[in-house]
Amino acid sequence: MPDPKSQDPVVAPGVDATKPSVARVYDAFLGGKDNYESDRAVVRQILEIAPELPDWTRENRRWLGRVVEWLTREARVTQFLDLGSGLPAAQNTHQLAQQINPAAKVVYVDNDPAVIAHGRALLLDNDNAFFVPADFTEPEKLLADPIVVDNLGRPAGMIQALVLHHLEDYEQTRELVRTYVDALPSGSFLAISHACNPRDGSEAARLSTELEAKFHERFPSLRFRTPAEITSFFDGLELLDPGVVRLYDWWPPGVVLEESPAAGLRAGAGQILYCGLARKA
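The sequence shown: position 231 = 232 (my numbering), numbered continuously.
Careful, some of the hints might be misleading.
[Unchecked claim] Keeping only pairs whose Cα atoms sit at most 25 Å apart, straight-line, the calculated DSS-like set for lysine-lysine is:
#1 LYS142 x LYS281
#2 LYS34 x LYS20
#3 LYS20 x LYS215
[As the list claims (entries may be wrong)] Just the calculated beta-carbon pair ranges, DEER-fashion:
#4 ARG45 x GLY15: 17 to 27 Å
#5 ILE148 x SER261: 20 to 30 Å
#6 ILE148 x ASP236: 24 to 34 Å
#7 ASP136 x ALA42: 18 to 28 Å
#8 ASP126 x GLY202: 50 to 60 Å
#9 PRO52 x LYS142: 37 to 47 Å
#10 LEU240 x ASP126: 30 to 40 Å
#11 THR19 x ASP136: 15 to 25 Å
#12 ARG175 x ASN112: 20 to 30 Å
#13 ALA122 x PRO254: 28 to 38 Å
In case anyone wonders, no lab produced these hints; they're calculated from the structure.
Even glycine gets a Cβ: it sits at the ideal position worked out from N, Cα and C.
My request is simple: use the sequences and hints to build the entire structure.
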């Protein structure tokens, strides 16, 4: 976790460092350096409730690694669309895929000014990785972008990692996901990770409700969803084993663990982030 007293990075054009950003708060949870005091203040508030949350944000990156590696190696996917990609972190999607297949192509999409600046700089020397500065909640516009069009001609892997829970309306979010799925070629895959609140009176529900309320102070559109609601985003697709589960419990099809790596975590903290992977017939 960055030292709150450390010097802030230079403010990029278009960035308001006085207001927290979803991408920069996530960067702070990961221990990155591309965040400001406004972002770290949010992190400190959240850590008072759930000190394990940095473990879960890092696990989201490890989950992404397991997904991308399986899709590249086993499913032979050569094209990826990473929506709401966030600030660059260790082992980004293109690095994971291109370690296995140097010809794999990755298109990143984000509209955060800091992400745009850092993302473009990261990809300057990579001919198979692209950055599209766009709002993923405008799918018709994004899907018409020439870079996206050029890189969705074959079965692709679409990634929506920790982004859908920033959309307030459930039905509109389902429709958004459906619009993207409809645009994917047959044989494509959809990977989602999402904040979860089981809303069943359990310890997990209590902690999730408390976290949601704290995040809501700065990010009012944030909505934790139940496992059933998250699963519904995969409607019409072949949901691969092990289904929609906690991050620690998701491993590629065919891999079975005797015990969940999350077994030692608090019951509440262990339910915060869920994920899944599905295939379009």
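Going through the hints against the structure:
| no. | hint | result |
| --- | --- | --- |
| 1 | LYS142 x LYS281 | 22 Å, holds |
| 2 | LYS34 x LYS20 | 16 Å, holds |
| 3 | LYS20 x LYS215 | 16 Å, holds |
| 4 | ARG45 x GLY15: 17 to 27 Å | 26 Å, holds |
| 5 | ILE148 x SER261: 20 to 30 Å | 39 Å, violated |
| 6 | ILE148 x ASP236: 24 to 34 Å | 28 Å, holds |
| 7 | ASP136 x ALA42: 18 to 28 Å | 26 Å, holds |
| 8 | ASP126 x GLY202: 50 to 60 Å | 52 Å, holds |
| 9 | PRO52 x LYS142: 37 to 47 Å | 40 Å, holds |
| 10 | LEU240 x ASP126: 30 to 40 Å | 37 Å, holds |
| 11 | THR19 x ASP136: 15 to 25 Å | 22 Å, holds |
| 12 | ARG175 x ASN112: 20 to 30 Å | 21 Å, holds |
| 13 | ALA122 x PRO254: 28 to 38 Å | 36 Å, holds |
Checked against the numbered hints above, the structure breaks only hint 5 and satisfies the rest.
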